[in-house]
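Chain order of the listed sequences is A and B. For what it's worth, numbering that gives the first Met the number 0 labels the leading residue of the first sequence as 0, then goes sequentially. For what it's worth, numbering that gives the first Met the number 0 labels the leading residue of the second sequence as 0, then goes sequentially.
Rather than coming from a laboratory, the hints here were simulated on the basis of the structure.
Pair by pair, the computed Cβ-Cβ distance ranges are: (1) A/174 x B/165: 48 to 56 Å; (2) A/34 x B/141: 24 to 32 Å; (3) A/110 x B/249: 50 to 58 Å; (4) B/269 x A/94: 25 to 33 Å; (5) A/18 x B/222: 31 to 39 Å; (6) B/222 x A/81: 19 to 27 Å; (7) B/271 x A/179: 34 to 42 Å; (8) B/34 x A/57: 26 to 34 Å; (9) B/271 x A/98: 27 to 35 Å; (10) A/169 x B/4: 52 to 60 Å; (11) A/64 x B/159: 30 to 38 Å; (12) B/141 x A/81: 22 to 30 Å.
The model shown is predicted, which means the values in this text are computed figures rather than measured ones. Glycine included, every Cβ here is placed at the ideal spot set by N, Cα and C.
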Amino acid sequence: MHDHPKPGRAVRIGIGGPVGCGKTALVAALCRALRDELSVAVVTNDIYTTEDADFLRREAVLDAERIVAVRTGCCPHTAIRDDVTANLDAVEDLVERFDPDLVLVESGGDNLTATFSYGLIDRQIFVVDTAGGDDVPRKGGPGVAGADLLVINKVDLGPLVGADTERMAADAAAVRDGKPTALVSVRTAPIPEVVDWVRAQVRVPA
Amino acid sequence: MTLVVAPELWLLADSRLPTGGHAHSGGIEAAVRRGLVTGPDDVAAWLAGRVPTAGLVTAAAAAAACALVTVPVERRAPSVDLLGHGRPSPDPRPSPATWRGAPTGGSTERGGPSLESGDGDVDWARWDAAISARTPVAALRDVSRQQGRAMLRTVRAAWPHAPVDGLGARPHQALVLGVATRAAGGTPHDAAALAVHHLTGQVCSAAVRLLGLDPLALAGVHARALAAHGPVVGTAAEAGTAAAAARDPDLLPTATTPWPEVLAVLHARSEGALFAS
Chain A
0 MHDHPKPGRA VRIGIGGPVG CGKTALVAAL CRALRDELSV AVVTNDIYTT
50 EDADFLRREA VLDAERIVAV RTGCCPHTAI RDDVTANLDA VEDLVERFDP
100 DLVLVESGGD NLTATFSYGL IDRQIFVVDT AGGDDVPRKG GPGVAGADLL
150 VINKVDLGPL VGADTERMAA DAAAVRDGKP TALVSVRTAP IPEVVDWVRA
200 QVRVPA
Chain B
0 MTLVVAPELW LLADSRLPTG GHAHSGGIEA AVRRGLVTGP DDVAAWLAGR
50 VPTAGLVTAA AAAAACALVT VPVERRAPSV DLLGHGRPSP DPRPSPATWR
100 GAPTGGSTER GGPSLESGDG DVDWARWDAA ISARTPVAAL RDVSRQQGRA
150 MLRTVRAAWP HAPVDGLGAR PHQALVLGVA TRAAGGTPHD AAALAVHHLT
200 GQVCSAAVRL LGLDPLALAG VHARALAAHG PVVGTAAEAG TAAAAARDPD
250 LLPTATTPWP EVLAVLHARS EGALFAS
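Please work from the sequences and hints to get the whole structure.
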């Protein structure tokens, strides 16, 4: 576990995972759940458009100016790991403008090797989904094995796509060295365990 | 004395140095999206238009900034003799203590030694304004400042002694590159060469990603562009050095190619672009 950020500094949480796993839906859900108790801002890293940022603004999960999109030049994993410049610029601008408690940095959809640099974020969530194949946790990789929280999304679809969610959870536990995993269905059910985990990372001084 | 490239300079030439360059295409994405650039020859032609104009201006400004940091930097053989031939040489750079004690006076602000000798009287704002005046469209001025801000962050991490505090928070990238080149032990000519290398590298790398071109073919384009535009580097280095010696940013060269400038504006306004510029 990396050091907790200094008191008073915005906590930055990266949210990564493959295309279509539900990263943006998770960001939207977290914003809705936390916006009344925390000052929240979001950076999106769409590969191709500002679609994710537009979605979040359209859904009005936050004030539009608290959501910014970063262009990553065809390399979403570079922008969150090897050269985090554009994201750092975006985060620092949001911090300067809003002094938020929490900044969510959503990566562009990428492959299982994509992880965030801790030079950019303090904690990272990796999202996979049942429809993406129930062998993904077994395959492991830096995202599944190393993320501070693993979210297995779309468990409601498990039976429909032939995914064994219990096996996914067990496979994840085998490679995650005790770090938590949450099984959720972001679009259809509340996600208290994820919200609580995020809240615990943001220890707002009393 | 054998002249060698200061080892740290390779860092500034390396596209893996985290300065945000990977997200910029040197303007070529807007041309690709309009079907104006479709293959390696087009990329070479784009560079032939851009390097001697906008590239020249940037390179000259970088050379000037390098020359304006007046601490003498001797370039000697590296102290580590990798091949095991000959005698060990002294450290190729003066020690920070040397910089602090340089004749033109130095700053020891924030408790550390600084290269800042001699540049206390550099009015960076004038040089910054001179680059703005030579960058016709606001979109590209903004791109230059974005990349300057990014490089500033990298330079502060890699060369904490580099005298960048006077540059402001969002200087044009050329100025940061020039100061960084100096801090890394380079010359104005090195700064100019790096500016041209960055431009050609950004364009070639983006072309590979945007068009699915053969990266080997583009490595050839990159190499030939650097060879062909060597005189541009020389001209930029001379002009920048002369402007710095005269302390007159008005002496920096002026040149541009209008069509890429127009495309840069369209790119900045477009939806669905992959690159920031």
